[in-house]
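Peer 1: Residues per chain are reported as follows:
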Amino acid sequence: MKTLNINGQFHQVDVPDDMPLLWVIRDVLGMTGTKFGCGIAQCGACTVHVDGEAVRSCLYPVGTLDGKRVVTIEAVGGTPNGAKIQKAWLDREVVQCGYCQSGQIMSATALLDRIAKPTDADIDDAMSGNICRCGTYVRIRDAIHAAAEV
Amino acid sequence: MRVPSLFVTFALLTFALPTTASRADTLSDRIADGEYLARAADCVACHTAPGGKPFAGGRAFALPFGVVYSPNITPDAETGIGRYSDDEWVDMLHKGVARDGKHLYPVMPYAEYTLMSREDALALKAYLMSREPVRATAPKNTLGFPFNQRWTMVFWNWFNNPNRRFVADQTKSAAYNRGDYLVNGPGHCGECHTPRTFMFGLKRSKAFAGEVQVGWRAYNLTSDKASGLGNWSDDQLFQYLSTGQAPGRGPASGPMAEAVEHSLSQLKADDVKAIVTYLRGVPALSDGPPAVSPEPAAASPDPLGARLFAQACAGCHLPSGSGRQSPWAALAGSHTAADPEGTNLVQVLTQGSELHTKDGLMFMHAFTGAYTDDELAAIANYTQERFGLKKGSISPAMIAKQRTANPDKPAKPSS
Chain Z
1 MKTLNINGQF HQVDVPDDMP LLWVIRDVLG MTGTKFGCGI AQCGACTVHV DGEAVRSCLY
61 PVGTLDGKRV VTIEAVGGTP NGAKIQKAWL DREVVQCGYC QSGQIMSATA LLDRIAKPTD
121 ADIDDAMSGN ICRCGTYVRI RDAIHAAAEV
Chain R
1 MRVPSLFVTF ALLTFALPTT ASRADTLSDR IADGEYLARA ADCVACHTAP GGKPFAGGRA
61 FALPFGVVYS PNITPDAETG IGRYSDDEWV DMLHKGVARD GKHLYPVMPY AEYTLMSRED
121 ALALKAYLMS REPVRATAPK NTLGFPFNQR WTMVFWNWFN NPNRRFVADQ TKSAAYNRGD
181 YLVNGPGHCG ECHTPRTFMF GLKRSKAFAG EVQVGWRAYN LTSDKASGLG NWSDDQLFQY
241 LSTGQAPGRG PASGPMAEAV EHSLSQLKAD DVKAIVTYLR GVPALSDGPP AVSPEPAAAS
301 PDPLGARLFA QACAGCHLPS GSGRQSPWAA LAGSHTAADP EGTNLVQVLT QGSELHTKDG
361 LMFMHAFTGA YTDDELAAIA NYTQERFGLK KGSISPAMIA KQRTANPDKP AKPSS
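So the protein sequences, as listed, match chains Z and R. If you count the first sequence from 1, position 102 lands on 102 in the working numbering, and the numbers rise without skipping. If you count the second sequence from 1, position 323 lands on 323 in the working numbering, and the numbers rise without skipping.
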């Protein structure tokens, strides 16, 4: 049995150490806001925060969490920057099909937590690896700037 | 009833166990010793075909003279080592002569295994014989004349196989001697890391100065500060050998990743420390590409490389090269980013690399499926300029050469 701290709540799960965090979040705990995209950390759809850092949960073995705090898309709106990002996303109508957007929002929030007023280059760096096949990149950048202004 | 039966059990245990258990212990201890030695010698890496059964042989070794296949070393009597007597086995490991009198090719590192004691050699045999026999015959070697004449190895052995056991240097510490034995005996590190003579024997005067083997550069392991390990801390070396990465030194890839996975990561901490102690004492030689400082250089002027790195690489490696959520993804400070020949950088882009660790599979797939030679060269040059060299040195032709040498592989682990 492991105790995981997810979105401020403690969950007891009986899973092997090498099970990816994504699998635990979606299939064991039933939180399906975090998406499975490629399974090889190439697309960013499964991004969550571990101790505030954006990680790809599809390749994050749950055994290496070691008591670290996990935040998923279900709770990121409860953080100051998460709320700003989500509002900017709605204001700018960033989303098209939406599949990659939980990952995009998690990466963008982690960026604002680190850099309050990111430049275009900061955004490119932080958002690289979060792929959007609808091509919402321009609106994503715009929305991050807008959120940073709030 | 309860008390007498307990008494009987106790009596049986007292009288029966010491003899039977001690005999079993001896054999199982020997098998355990042999299993450990098999790891130290990394037998499984060469004696297993890709996707094949462990130790059943069949892995191809493409040499300049043709292809040699590793034999089956499971206990199968017909196709494996089942019929070896102890003496025949020891001769095979020490002299490079198989039980039918056939000479082994020195792809099998018997010129190093010759340092192993008879006791260790037989422990190794006991372990291999304790495994499940597998019936498997390796494909026939494709060596042309005169290399298909195994007896000519007699001459090779005169010059290249010392055929002597390890002798400890009494002026050195026990840890140094243990490290010496592991590195030069079972570990056969020099097979990749020591340059070769015109006869393809190990050039002892250039011990551990680095060499290109099977398309990958095995780096300089001497104490030289620029090209070797002289600037590595003991902790970095220990961590690199036991996990396949060290902070500011990058990850092990290609054949070294295999050596870490199957062998070095399985060794006892004291043995890895002994290896570090020994490597510290290897005289400095300044051959091979220099090591670099781990700080990223200023941004590269090549916009194509920068753009492609952001698209294809930064997702896992991060723009800073420090690696996202995995120290095995850290590029900054790696020898591979600093090598002006770019050997391993081209290999890892065209072939990928993987390493099973206690934290799961760390892997990079080949990028040849999605990117052209020009694009991969731009990525490689950007990587060098950011994390190693002042000026990138990779041409599209170098990518093209390795691309054709290694056909596209599917991505892992979803494949």
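No wet-lab data here; the hints were simulated from the structure. Treat the hints loosely; a few may be bogus.
[Said to hold, decoys possible] Derived coverage of chain Z by chain R (criterion: at least 3 residues anywhere in the stretch with Cβ under 8 Å from a Cβ of chain R; other residues may be distant):
(1) 6 to 15
(2) 82 to 90
(3) 104 to 112
(4) 125 to 131
[Unchecked claim] Here are the simulated lysine-lysine pairs, DSS-like style, with alpha carbons at most 25 Å apart:
(5) R:K172 x R:K203
(6) R:K225 x R:K206
(7) R:K95 x R:K225
(8) R:K390 x R:K358
(9) R:K358 x Z:K68
(10) Z:K2 x R:K358
Think of the CB as a built atom: it goes at the ideal place given N, C-alpha and C, for glycine as much as any other residue.
Peer 1: Against each hint, give a clear statement of whether it holds in the structure.
Peer 2: How the hints compare with the structure:
| no. | hint | verdict |
| --- | --- | --- |
| 1 | 6 to 15 | violated (count 0) |
| 2 | 82 to 90 | violated (count 0) |
| 3 | 104 to 112 | violated (count 0) |
| 4 | 125 to 131 | holds (count 4) |
| 5 | R:K172 x R:K203 | 24 Å, holds |
| 6 | R:K225 x R:K206 | 16 Å, holds |
| 7 | R:K95 x R:K225 | 37 Å, violated |
| 8 | R:K390 x R:K358 | 35 Å, violated |
| 9 | R:K358 x Z:K68 | 18 Å, holds |
| 10 | Z:K2 x R:K358 | 17 Å, holds |
When each numbered hint is compared with the structure, violations occur for hints 1, 2, 3, 7, 8.
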